[in-house]
Structures are given as C-alpha cells and as structure tokens.
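A.B. asks: Please put together the full structure from these sequences, using the hints given.
Protein chains in written order, with my numbering: chain A, 1 to 104; chain B, 1001 to 1454.
In case anyone wonders, no lab produced these hints; they're calculated from the structure.
Everything numeric in this text was worked out from a predicted model, so none of it was measured.
Wrong hints could be hidden among the right ones.
To be verified - Simulated crosslink set (SDA-like; lysine to any residue; CA at most 25 Å straight-line):
id	chain 1	residue 1	chain 2	residue 2
1	B	K1066	B	P1164
2	B	K1225	B	R1365
3	B	K1156	A	Q51
4	B	K1156	A	E31
5	B	K1175	A	R18
6	B	K1225	B	V1252
7	B	K1175	B	T1211
8	B	K1215	B	E1179
9	B	K1175	A	A34
10	B	K1066	A	E15
11	B	K1225	B	D1243
12	B	K1156	A	A17
13	B	K1250	A	T58
14	B	K1080	B	A1333
15	B	K1156	A	R12
16	B	K1175	A	R12
17	B	K1066	B	L1174
18	B	K1156	A	S14
19	B	K1215	A	R12
20	B	K1225	B	S1188
21	B	K1175	A	S14
22	B	K1156	A	T58
23	B	K1250	B	T1380
24	B	K1175	A	T16
25	B	K1066	A	S14
26	B	K1007	B	G1330
27	B	K1215	A	L13
28	B	K1215	A	S14
29	B	K1175	A	G8
30	B	K1156	A	T7
31	B	K1175	B	Y1220
32	B	K1250	A	E57
33	B	K1250	B	L1227
34	B	K1156	A	T16
35	B	K1175	B	A1222
36	B	K1175	A	A17
37	B	K1250	B	L1168
38	B	K1175	A	E15
39	B	K1007	B	D1113
40	B	K1156	A	E15
What follows is the residue order along each chain.
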Amino acid sequence: MKPHPRTGRIVRLSETARPRVHFHLDGSPCEALAGDTVLTAVLSSSRHLRQSEFGLETRAGFCLMGACQDCWIWQADGGRLRACSTPVMDGMQLLTEAPAGWPS
Amino acid sequence: MSSGAEKVVIVGAGPAGIRAAEMLVSAGMRPVVIDEGMRAGGQIYRRPPDGFTRSPRELYGSEVDKAVALHGRFDQMVAKGQVDYHPQSSVLACADRSLHALTPSGRREFGYDRLILATGATDRLAPVPGWQSPGVYSLGATQIALKAQGVALGRKIVLAGSGPLLTLVTTQLLKAGAEIEAVLDTSSLRTQMTGLPGMLARPGLVLRGMTMRAKLGRLYHAGVKILGIDADECGPVSIRWQDARGAMRKSVCDMVGIGWHLRAETQLAGLAGCQFDYDVGWAQWLPRTDRMGRAAERLYLAGDGLRILGADGAEVAGRLAAHACLSDMGLTAPDSSADLRRLRRYERFARGMARAFPWPAEMVRNTPDETVVCRCEGITAGQLRDGVDYGGAEANRVKSLARVGMGRCQGRYCQLAGAELIAAEAGTSVCDAGRLREQAPVRPAPIGAWVRDA
Chain A
1 MKPHPRTGRI
11 VRLSETARPR
21 VHFHLDGSPC
31 EALAGDTVLT
41 AVLSSSRHLR
51 QSEFGLETRA
61 GFCLMGACQD
71 CWIWQADGGR
81 LRACSTPVMD
91 GMQLLTEAPA
101 GWPS
Chain B
1001 MSSGAEKVVI
1011 VGAGPAGIRA
1021 AEMLVSAGMR
1031 PVVIDEGMRA
1041 GGQIYRRPPD
1051 GFTRSPRELY
1061 GSEVDKAVAL
1071 HGRFDQMVAK
1081 GQVDYHPQSS
1091 VLACADRSLH
1101 ALTPSGRREF
1111 GYDRLILATG
1121 ATDRLAPVPG
1131 WQSPGVYSLG
1141 ATQIALKAQG
1151 VALGRKIVLA
1161 GSGPLLTLVT
1171 TQLLKAGAEI
1181 EAVLDTSSLR
1191 TQMTGLPGML
1201 ARPGLVLRGM
1211 TMRAKLGRLY
1221 HAGVKILGID
1231 ADECGPVSIR
1241 WQDARGAMRK
1251 SVCDMVGIGW
1261 HLRAETQLAG
1271 LAGCQFDYDV
1281 GWAQWLPRTD
1291 RMGRAAERLY
1301 LAGDGLRILG
1311 ADGAEVAGRL
1321 AAHACLSDMG
1331 LTAPDSSADL
1341 RRLRRYERFA
1351 RGMARAFPWP
1361 AEMVRNTPDE
1371 TVVCRCEGIT
1381 AGQLRDGVDY
1391 GGAEANRVKS
1401 LARVGMGRCQ
1411 GRYCQLAGAE
1421 LIAAEAGTSV
1431 CDAGRLREQA
1441 PVRPAPIGAW
1451 VRDA
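C.D. replies: Structure (structure tokens):
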C-alpha cells in the first residue's frame, strides 16, 4: 500500500474549535473535526478519496450534494460510502484503494 | 385531522418542499417529507451540522431572514409532529404510487395518494479539457464546502463558467479568507447586457449582483474562452484561457470550480410520469406542468426541479403546488393570485438571467476529441462522436453505444453536453437529440439493502 502524502487539498477557513475525531486512512491514524463529512476529513489529510476505475487519475469528489457519485470511498470491511454526505465518525477505517484480496 | 385523508408525500426539504409542507399542514394534513439532507433547508439555505458556530448572517448574508424563517418554520412543524419527516433518506424509485427509499435504517417504501416533488437542481456542467482531475469541483460544491463545512477546496482557486453563482461564490470565498486567483466568465459583457431588461423585473437583485461584481475588480474577466485545465497526478496546476481581446492567459491554481448556472433535477419526475419539453432559453429539458405545477394525475412539481427561479421562486412554487394538491382533493386553500403574480415576475427575471449567462453551446460543440465528456467513466468527445456516426443521432442510442450517460451520475453531468455534441455531429438541433430516459435507482443502492429483505 502506497504511503500517503501528508498534505490535504482542503483549507479550513473557520469553525476550527470543534472537538477532534480520530479515524484511519489506509491504516494511518488521521485527525478530523466533529461535524466534518468523510470528504472533508479525508481531503484534509490526502489529495484524493480513491482511484478512478476507468482511468489513471485519482478522484476527490465533484458536486458535494450527493448527485454525481464521484466521492465514494472504501471502508476496510469492503463497504463503500458516499463521502460528501456521510459524517466522519471516531474509529472509521477508510481506504483509498480496494481492501487487500478484493476481486478486481 | 380528518380520518381517511389522502396521503401526500413531499420529496425535498428546500424552500419549495418546506412551503408546500407548510400549506398542507395549515389545511390540517400531515404530509410525509423525505429529504436527503442531514437538516432541512435545501442547498442554498443549507445548514451546517450541529456544533458549528457561524451566525446565520455570516452563512446567508442578505438572505438571512428568509433562511432563518424557513428553517424555523420547518423545525417547528417537526417539533409539533405536524410532518412525518425523514432526513438523510434518498428516494431511489417511484412506481405504482409508491416511493422506494434508502433511509438511515435501511430500505423503505412510502405509499402515496399524491406526490409533490421538490427535488431542486444541480450545477449545469459543460466539459472542459482536464475537468476529470481531482480538485476540479462544481461551483455549487465550492459553495457547499464553505457554507456547510467552513472549508475551501483548495489553496489557490480559479472559478469559471457563468451564472449568478460565479459572482456569489467568489464573494463568499473572499470574505471567508480564501485565495482566489481568477474568475472567468464565458459570457461577454455584451451578452450579459441583453439579459438586463428581463432581469430588471427584480431591480434590487440586479443592484446587489452588480455591486458584488464591482467589488471583484480585476479578478473578474468576462467573455473568456476556457481552453483547458492542466493537471498533474495531484490535481490542477493551472488553467489556460483566452481573454475577451484574444490574448492567451494562464492562471496558476490547485483548485478549479466550474459551472454554468443550473440544471433541473428531474429524474424522479420522469419516473413518476411527467412529460418534458426542450426549453431553448434554458438549454435543457424542463417538466411540462400547468401554472400551479400539476405534471400528471396526482403529481405536482415545485422549485428549481420545475423552473429555475431560485430560492424565492421555489417558495412560491411550493405554495402553488400544495394549493393545486389541496384543490384536487376538494379542500380549500388560500387565494393564490398574489403568488401567481410573483411567479410571473420571477420568471421574467429568470429568463433575463438565462439570456445573460447562457449555456456555452459553441464551446461544447468544439470540445476536442480527446476531452472527457463523461467524468464517471472517462468517455471522450471522440468516442461519443463515433457512437453518433455508428448508431444515429439520439441520446439513448449514443448512451447504449458509447456509454455517455451510463455511469454513476446517470447523465446528470454529461447529458446536456452530450446532446449538444450529438446535434453538432449529426447536423440536427439539440432538441432532436432527445432526452435520456431515467432509470431507477436514481441513486446507487447497495444490493444488500434488498437481499436482506428477501
């Protein structure tokens, strides 16, 4: 599994006094704020949410209103969730690539 | 509450859905309200999650009173048990007077006697070379990130496209402290002036818009041709464009927000039996209804999913749809003549806006062959054109052959550009390229939600 570049693409402009939430991205511990969506949480630490399954580029969401379905992300148990409309929760195990052994 | 009353379901809790619910509640009914949002308000009056502290004035600016009134009214109806409210629930399908929805507690069916759809709109997108890169977002997404999460989606931002949101989002981002590199409007100042007579139906809004625009100063460029977004594996590094005088320009950035006004969200309306007409002014298919929003028997539409009039128009349309629904049930509803007058005025304004900030038809027709048209599956303009040459100039045929419209967004972000490209390739009109037939589920659904039921 590739290590994560520890730079996100999101810039927090306000509302930074919220309690911390801890989750794992590709096995590494990451921090977010309570009330963040999974998209905000992940893109604070990473440049992308997943690989495109139809091209070489990575994906980081597009519409943020649940319409484009670009922002789905893997969970360690093989489930997927829509990052823009799912609140991040303590202990979430998120992956930017399919879990090991997942049929492709 | 009368026993044996008909069951009315409202989909969407934005300005239209909330006002429709309010009128039904006033008539003694208890409508079901299904909404995808975590909290009611819709997109433009979207509320941040609990625990956020910015004031409504900071969030909604000049529209603060309207936003607070809508939120307050809806919360009050929920608190009193006057509406059967289902947040974070996506309606996936509609058949035999029943809606199939995914709710936080799993799959659920909602039977109805009458249905009011207030499904809103999305950004209207046109393909730009490089728009599939991570870090390119819709203008709406840019605003949602700021409003509902307090974040900017990049460190150095370029906003491009056309429409009222372009100026509004820029203003909001600047105020919040984001770094904007350039604002690129594909509509020329001359074109924008042609919309002014219609837009003067709401002079206050015109004045506010022009004041905001003036404050953007040298960041704002009108009459721009967008040539492409350059990206590396991390996302955008710059955007290339031609200014109104023809000079080639390049703006360094790590995030691009794009959008050309709005596109009505009509998939559930189509599944529920609505008919559509191609509207040349809006360059999209819009539902066919009467003035009140009646689309078919027992089906009513309201808000930007019907006519793109913005939030004020959505409140009016929500009341009108509920009025029609009540009258059709033989119940009395308050006089709607004032709302019908408002509707006419808002429509004049909206037509002016559509003229001032048009769909970039020429740009889309000239999309380079190698440019991605379908972001979901990476289908290029060249592949789409091959599909047209091979199978005929019709959107659903081209979808079968080239897969444009087949991906997860179900054509929401490629359908209008696709139709434009089909028409250009075949030498027909966009209207003749046809409209993609909607298919349930209108949101991806985990198969497990159905398997566990069996």
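A.B. asks: All hints, please: hold or fail.
C.D. replies: Okay, the hints, checked on the actual structure:
no. : hint                 : verdict
1   : B:K1066 with B:P1164 : 19 Å, holds
2   : B:K1225 with B:R1365 : 13 Å, holds
3   : B:K1156 with A:Q51   : 24 Å, holds
4   : B:K1156 with A:E31   : 23 Å, holds
5   : B:K1175 with A:R18   : 21 Å, holds
6   : B:K1225 with B:V1252 : 16 Å, holds
7   : B:K1175 with B:T1211 : 14 Å, holds
8   : B:K1215 with B:E1179 : 15 Å, holds
9   : B:K1175 with A:A34   : 24 Å, holds
10  : B:K1066 with A:E15   : 23 Å, holds
11  : B:K1225 with B:D1243 : 7 Å, holds
12  : B:K1156 with A:A17   : 24 Å, holds
13  : B:K1250 with A:T58   : 24 Å, holds
14  : B:K1080 with B:A1333 : 22 Å, holds
15  : B:K1156 with A:R12   : 13 Å, holds
16  : B:K1175 with A:R12   : 14 Å, holds
17  : B:K1066 with B:L1174 : 23 Å, holds
18  : B:K1156 with A:S14   : 17 Å, holds
19  : B:K1215 with A:R12   : 24 Å, holds
20  : B:K1225 with B:S1188 : 10 Å, holds
21  : B:K1175 with A:S14   : 11 Å, holds
22  : B:K1156 with A:T58   : 20 Å, holds
23  : B:K1250 with B:T1380 : 24 Å, holds
24  : B:K1175 with A:T16   : 17 Å, holds
25  : B:K1066 with A:S14   : 23 Å, holds
26  : B:K1007 with B:G1330 : 14 Å, holds
27  : B:K1215 with A:L13   : 21 Å, holds
28  : B:K1215 with A:S14   : 22 Å, holds
29  : B:K1175 with A:G8    : 22 Å, holds
30  : B:K1156 with A:T7    : 15 Å, holds
31  : B:K1175 with B:Y1220 : 16 Å, holds
32  : B:K1250 with A:E57   : 22 Å, holds
33  : B:K1250 with B:L1227 : 10 Å, holds
34  : B:K1156 with A:T16   : 20 Å, holds
35  : B:K1175 with B:A1222 : 22 Å, holds
36  : B:K1175 with A:A17   : 19 Å, holds
37  : B:K1250 with B:L1168 : 23 Å, holds
38  : B:K1175 with A:E15   : 15 Å, holds
39  : B:K1007 with B:D1113 : 5 Å, holds
40  : B:K1156 with A:E15   : 20 Å, holds
No hint from the list above goes unmet by this structure.
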